[in-house]
Amino acid sequence: MMLIGLIVVLIAGGVIAWAAESRRAGTARWIALAAVVFDGGWLGWAGATGFGNSLGSRWLATVSYPWIPMFRISFELSLDGLSLVMLALTFFLGAIAVLVSWREITERVGFYFFNLLLTLAGVTGVFLATDLFLFYFFWELMLVPMYLLIAIWGHENRRYASFKFFLFTQLGGLLMLVAILGLVFFSGVHSFSYEKLLDTKLDPRTAMLLMLGFFVAFAIKLPAIPLHTWLPDAHTEAPTAASVILAGLLLKTGAYGLLRFVLPLFPYAAREFAPVAMTIGVIGILYGAVLAFAQTDLKRMVAYTSVSHMGFVLLGAFAFTAMAYRGVVMQMLCHGLSTGALFVLAGVLQERLHTRDLRRMGGLWAATPRLGAVALFFVLASLGLPGLGNFVAEFLVLAGSFRANPIATSLATIGFVLATVYALALMQRAFFGARAATDSIADLSPREWLIFGAMMAGLIYLGLFPDGVFRLLEHVVRAKSML
Amino acid sequence: MTGYDLLFLLPLVIVAGTVLLVMSSIALRRRHLLVALMSDAGFLAALIANLALLAADDGSHQVTALLIVDRSSLIFGALILFAGLIVTLLSYDYLKRRDERREEYYLLLLLAAAGALVLAGAAHFASFFLGLELLSVSLFAMIAYLRTRPDALEAGVKYLVLAGASSAFMLFGVALIYAQTGRLDFSALFMMRASPWLIAGLALLVTAVGFKLALAPFHWWTPDIYQGAPAPVTAFMATASKAAMVAALLRIAAPAGLDQQPRLWYALAAMSVISMFLGNLLALRQNSVKRLLAYSSIAHLGYVLVALLVGGTAGSQAATFYLIAYTVTMLAAFGVVSVMSAGETEADALETYRGLFWRRPFVAAVMTASLLSLAGIPLTAGFVAKFYLVAAGVRDAQWALVLVLIAASVIGLFYYLRVIWTMLSASDPAPAALPALSLIGGTVLAALVVALLWLGLYPAPILRLIGRVSGL
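Chains V and Z, in that order, give the protein sequences.
Going by the numbering used here, 222 is the number at position 222 of the first sequence; the sequence numbering is gapless.
Going by the numbering used here, 1266 is the number at position 266 of the second sequence; the sequence numbering is gapless.
It is possible that some hints are incorrect.
[Claimed, not checked] If you want the footprint, here are the derived chain Z segments under chain V, 3+ residues with CB under 8 Å:
{"hint": "1", "region": "1113-1119"}
{"hint": "2", "region": "1385-1393"}
{"hint": "3", "region": "1450-1464"}
[Unchecked claim] Not everything, but these chain Z residues come out facing chain V in the computed CB check (under 8 Å):
{"hint": "4", "residue": "L1372"}
{"hint": "5", "residue": "P1378"}
{"hint": "6", "residue": "L1413"}
{"hint": "7", "residue": "F1414"}
{"hint": "8", "residue": "L1417"}
{"hint": "9", "residue": "W1421"}
{"hint": "10", "residue": "A1433"}
{"hint": "11", "residue": "L1434"}
{"hint": "12", "residue": "L1437"}
{"hint": "13", "residue": "L1439"}
{"hint": "14", "residue": "I1440"}
[Unchecked claim] Far from chain Z by the CB rule (all over 10 Å, computed), these chain V residues:
{"hint": "15", "residue": "V9"}
{"hint": "16", "residue": "T62"}
{"hint": "17", "residue": "E104"}
{"hint": "18", "residue": "E140"}
{"hint": "19", "residue": "L175"}
{"hint": "20", "residue": "L177"}
{"hint": "21", "residue": "P275"}
{"hint": "22", "residue": "F377"}
{"hint": "23", "residue": "F402"}
{"hint": "24", "residue": "F416"}
The set of hints was computed from the structure by calculation and includes no laboratory data.
Note that beta-carbon positions come from the ideal geometry of N, C-alpha and C, so glycine has one too.
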């Protein structure tokens, strides 16, 4: 019941926030925050109490109702360690996104928070669904509110960005739909239940084609080269909170899809495809880093670093080792926090300077030392400083992938060097050098401290005590028979 | 024919009876409200009778040689009557604002619905032709009903000429088929070995069907006539008339399946592919909402044809569900156009809709829901319909058709987003005043949206109903 409750709370919160805002301004954000925090607390409480006695089984919690019996589709949600970790990230970043929007959004506030919470509800559904139809349903459901967030509250070029985002994702989604249907009909299972579809026998050629259908959908979302072009536009034009959710959560649904569906459903086809996927991953790491260095728009730069970081996910996911698998999940969490924080930073700067153009920044350290220090922290996290979560993640991915594909992995390590280059370039251009303007700008407010402080704490915790996450994943990693 | 048989034709009898009632009422005294109420009561009674027959589940009944009453004809009958009911309400709202002799309009609407019902239940080329003509003749008068508007007249004449031509094609085709088989009932059609004359007859028949369904390359009339006709008439044309024709097509093709005639199959496949691409591509740059929806409907009938080409039970069921979802969606979309149309002008230009989200949130939400349904996004009926369609295609391994369908859908998404975008963006110059949303208009739109979401969220009951359409 709790699994349905998590989604219902978000949707209900969105509706109530919308309704309340029209009665009394300023209530929507409190309601939105309450809904997300409530979900986070509920999840944490359930996690602490161990989900009853179900810790020994594959799923910590599961719920299933018949939905469209004609097609053997059921409303089936299940939670395992992987989902739990992703949901924790969802509610954490959800709360951050609400806090970020606190002052930034001044128009149509109620409708804004409605869309924000609906996106979160869709993401939550994606991380929980274990019926393939239901998964597709939530996968598509995330799209519309996110489109509206970009289209209504985005920046200058929002029309182009929002259309591109929607069309790319929809194309991937439809290919995935065909692959889902192909899997259901050709495996002879004739059910959309994830559990029943595991370990089905398919002839290799069919399996490869179906696997590619899934892969393309997830690669678009991830994004992987050359399907990444929607990402810089969408991230750049979205309002800050939507950028945080895009980078922190929507990209993760692609990575999650790879881990949850592509690898377990098509173990042999995925192995066969691994060299290609790993190569795409490495190209992404290098290409994203080089392009990030060349950007002059701060948000665009951060967006390209996402492409680079997500390359590690692709590399590690197709390495088929337990170590790389742990690294991939870690990378998803840490990238969500560090890149999310960099987008918040870009939002904070834009609010103060009214520009995202790095050429018009510079010398900000003197004016806002605290902001500078915070920026330095997250930039260092992004380049993989030991002690912070990203280092653990990328180290595990590289160490775990080396055995599987030494050449690709060796090339990927160059990404570390490039990351240092773009990260320091960002600091240099924005915070050091000569100050472009002389008017004074405010340093961090308490609310911004809260946001950044929470994200810093998260990254430090993940960097120093990654074992907490790994323990949750233990069952998932062991259940993957092909490791 | 016995009285018992007549029971199965009850919906048709009620509609025909209402025609007589409305006619005599107009002869006595012109009262718009009364006539509209009578028509609506007629549609409602017929719909209830239809649903009662559907619930009774009495299998298939041949009523005379001409008509057949089975699940398929009853489901499509219910759809036609539902569309008639909605269109009557929309029309009342629409005509109230205009100076016309309004009463005869309802007569034509009822006649058109009766024609559609006959077409949906036709088992014989005679009833097929009768139904088709009754529908077409009533429609062309309805299209040109607002005589003072030049584009309505132009559209009416265009429809008259083209519908006449397509009827002629059809008659010739039927004559050729009759010359070969010696019979006029549908079941005889596929029993013969293909001879050149039979093929020619089928080709002519396909031309007429293609015209009525606005499939490419017989689609040229659609945008002009959709644009010229009053919005409620367009709604009826886009839904009930298409539903009736698809029902007839299913019945013609069903006994043996289209793949018994490979040449026919390939011809229809080509029509389907061209319709999907052309419809969506030509809609991309439209600045008229009615034209845009017209091109969209061309593409959607192309999708439906995919289901027919897949054939078998799965194909028929997918096509039936698609038509249900499409009807509800198109009624909602044209319903919005209809309630937005004030005075002499129609709310046709895309610019009319600029900023609608912030000025009329409810109407804009209805439009958005129907556009998303046309695009096949979850929560809406269109999503389940498209899912059903792709499922049927994949199950039958029709990869080429499925991939074309997907590519075309993605193209289609673009112009739906364009309309949504326009409704979202702020209107800079002070916009013209919008007509007030009447109680009737609001209620109809709300009901349609509820139906749209219900079909999208919990389609199981309707699917179960369709699921029993076996052996089509």
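Verification of the supplied hints:
no.: 1; hint: 1113-1119; result: violated (count 0)
no.: 2; hint: 1385-1393; result: holds (count 3)
no.: 3; hint: 1450-1464; result: holds (count 5)
no.: 4; hint: L1372; result: holds, 7 Å
no.: 5; hint: P1378; result: holds, 5 Å
no.: 6; hint: L1413; result: holds, 5 Å
no.: 7; hint: F1414; result: holds, 6 Å
no.: 8; hint: L1417; result: holds, 6 Å
no.: 9; hint: W1421; result: holds, 6 Å
no.: 10; hint: A1433; result: violated, 22 Å
no.: 11; hint: L1434; result: violated, 19 Å
no.: 12; hint: L1437; result: violated, 18 Å
no.: 13; hint: L1439; result: violated, 22 Å
no.: 14; hint: I1440; result: violated, 26 Å
no.: 15; hint: V9; result: holds, 18 Å
no.: 16; hint: T62; result: holds, 21 Å
no.: 17; hint: E104; result: holds, 18 Å
no.: 18; hint: E140; result: violated, 5 Å
no.: 19; hint: L175; result: violated, 7 Å
no.: 20; hint: L177; result: violated, 6 Å
no.: 21; hint: P275; result: holds, 26 Å
no.: 22; hint: F377; result: holds, 38 Å
no.: 23; hint: F402; result: holds, 39 Å
no.: 24; hint: F416; result: holds, 38 Å
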